[in-house]
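The task is simple: from the sequences and hints, build the whole structure.
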Amino acid sequence: MQMDEVLASVAEKVKNFAVIYVVDITEVLDFNTMYELYDPSTVMFFFRNKHIMIDLGTGNNNKINWALKDKQEFIDIVETVYRGARKDRGLVIAPKDYSTKYRY
Amino acid sequence: MATLADSFLADLDELSDNEADVLEEENNDVANMEEDIDGDLADIETLNYDDLDSVSKLQKSQRYIDIMQKVEDALEKGSHISNQGMVLEDDPEYQLIVDCNGLSVDIENEIVIIHNFIRDKYRLKFPELESLVHHPIDYARVVKKIGNEMDLTLVDLEGLLPSAIIMVVSVTASTTSGKPLPEDVLQKTVDACDRALALDTAKKKVLEFVESRMGYIAPNLSTIVGSAVAAKLMGTAGGLSALAKMPACNVQLLGAKKKTLAGFSTATSQFRVGYIEQTEIFQTTPPALRSRACRLLASKATLAARIDSTRGDPLGNAGKTLKEEIHKKIEKWQEPPPAKQPKPLPVPDSEPKKKRGGRRLRKMKERYAITDMRKLANRMQFGVPEESSLGDGLGEGYGMLGQAGSGKLRVSIGQSKLAAKVAKKFKEKNYGSSGATSGLTSSLAFTPVQGIELTNPQAHAHQLGSGTQSTYFSETGTFSKIKRT
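Read top to bottom, the protein sequences are chains A and B. In terms of the numbering used here, the first sequence opens at residue 1 and continues consecutively. In terms of the numbering used here, the second sequence opens at residue 105 and continues consecutively.
Misleading hints may appear alongside valid ones.
Selected chain B positions facing chain A (Cβ under 10 angstroms, derived; list incomplete) [said to hold, decoys possible]: (1) Ala443; (2) Lys447; (3) Val451; (4) Ser454; (5) Pro456.
In silico DSS-like pairs for lysine-lysine, Cα to Cα no more than 27 angstroms straight-line [as the list claims (entries may be wrong)]: (6) A:Lys96 x B:Lys457; (7) A:Lys15 x B:Lys424; (8) B:Lys436 x B:Lys424.
Note that these hints are calculated values from the structure, not bench results. Built from N, CA and C at the ideal position, the CB exists for glycine as well.
What follows is the structure in structure tokens.
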């Protein structure tokens with residue numbers, strides 16, 4: 001829910017370079033094994049039919065599988081992915097490190 | 105000599121005779137001058153005139169009487185509309201209106217003169233009144249009401265003045281330095297007041313007449329500001345063409361009243377606006393927009409007056425369009441600003457960064473530019489292993505530095521601009537300053553001529569204090585003397 005809200009509020013702002021699709025994995029099951037989708041929320045980035053990896057520091061470079069709270073953080077990540085993808089980079093480095101995400 | 109003495113005595117006699125003659129002549133001259141001055145309407149320097157008639161001649165003049173007569177007749181007749189086809193200048197009524205305009209200006213001047221007369225006479229009785237009550241007609245009314253009365257509580261000034269001013273006047277009267285006037289002077293003063301009031305009523309009649317004809321004279325102007333205000337503007341300006349020649353900023357101020365302070369603050373004093381204040385459009389605008397509306401009205405009114413003075417639009421259509429314009433503009437000012445819409449972010453890297461150039465940037469870049477030493481260290485000769493700081497390929501490589509065949513005999517770091525500035529700053533500091541010496545200063549200097557040289561700090565200080573050397577271009581010179589004021 002939190003991730004949904006962040007995505008909804010950000011959609012207007014990034015509409016010039018990114019489009020956001022929300023997919024229900026209980027309805028569309030085709031990609032669950034391919035991308036290992038079993039978390040409550042997963043965000044993945046694609047540019048021109050290519051999957052872009054992000055180095056978030058969590059060990060899993062393929063997706064963001066927790067709920068981001070900050071809108072500006074998310075916008076930064078989207079922008080970084082866009083920049084790197086335009087330069088044909090398959091892996092971009094996120095501006096913020098999330099390796100300590102689980103330490104509260 | 106006797107003849108000389110005699111001639112001197114004779115001179116003296118002549119002189120005395122001449123003096124007597126000269127004195128008589130002077131007296132005559134003075135008398136003539138006084139008469140001339142009294143006869144001259146504009147001259148108000150002599151305070152000795154006793155006769156009002158010698159000062160104010162307008163009411164007795166033929167011109168005044170003629171025009172007033174015509175005005176009264178015309179007012180009784182009512183307006184007649186059948187003069188569309190006639191050229192304006194030929195119409196006798198137009199001529200009368202032009203005369204009226206001139207007359208109203210004259211009446212105003214006359215009132216000022218009479219006001220001065222009353223003021224001068226009444227100064228003996230109540231000198232402070234003239235600074236409290238500015239308007240000549242109000243002043244005349246107050247003087248008439250007070251008369252020779254010393255105690256102002258017996259005098260009722262209600263309706264003549266605003267209550268605040270009445271209060272101030274009463275208070276000032278209780279402490280005034282004036283004395284009651286003699287009977288004849290009082291009589292003259294009251295006569296002058298009467299005359300001023302009569303002139304005022306005459307002016308009002310003239311204005312009324314002009315106002316009733318305003319729709320015919322200046323249709324465009326009357327459409328915009330209304331006929332009363334148009335008549336007043338024309339009257340004050342002295343005619344339609346005079347009004348047309350004025351710039352709009354002056355038209356805005358026609359009829360603006362002077363502020364009577366009486367000790368009240370000017371923090372709430374309004375902006376300067378004259379007869380335009382009485383127009384319907386001005387009264388119906390919200391107070392926040394009033395100053396803008398006033399300026400707009402004045403400019404459009406001036407345009408309309410210019411159209412009217414050349415009879416460009418006798419039907420008044422231009423006036424109607426101008427009025428529409430004014431209404432539209434005022435409505436537009438009152439619109440709320442458009443709601444803020446959230447703007448989406450621009451595409452990243454779509455706008456190329458604005459790169460600056462120029463001397464300043466080049467100089468700035470020079471401070472961080474790659475030096476020759478570093479350039480040589482970055483390159484390597486073909487087939488020749490480079491030296492390194494830790495030897496044997498470990499550590500930083502020196503590249504072409506120090507190798508034969510590099511093409512440079514001596515490679516210097518080259519003093520960077522940053523170092524130059526810093527060096528200059530440290531040079532300025534006195535070496536002999538008590539305790540606050542910088543750690544980087546050195547009193548020793550190595551010169552080619554004398555080897556080691558010790559700088560003399562006293563000489564340094566002496567240099568600045570001598571005053572012979574200019575301190576403008578000195579690298580180390582600062583203020584030579586700072587005086588405490």
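Hints that the structure is at odds with (numbers, increasing): 1, 5 and 7
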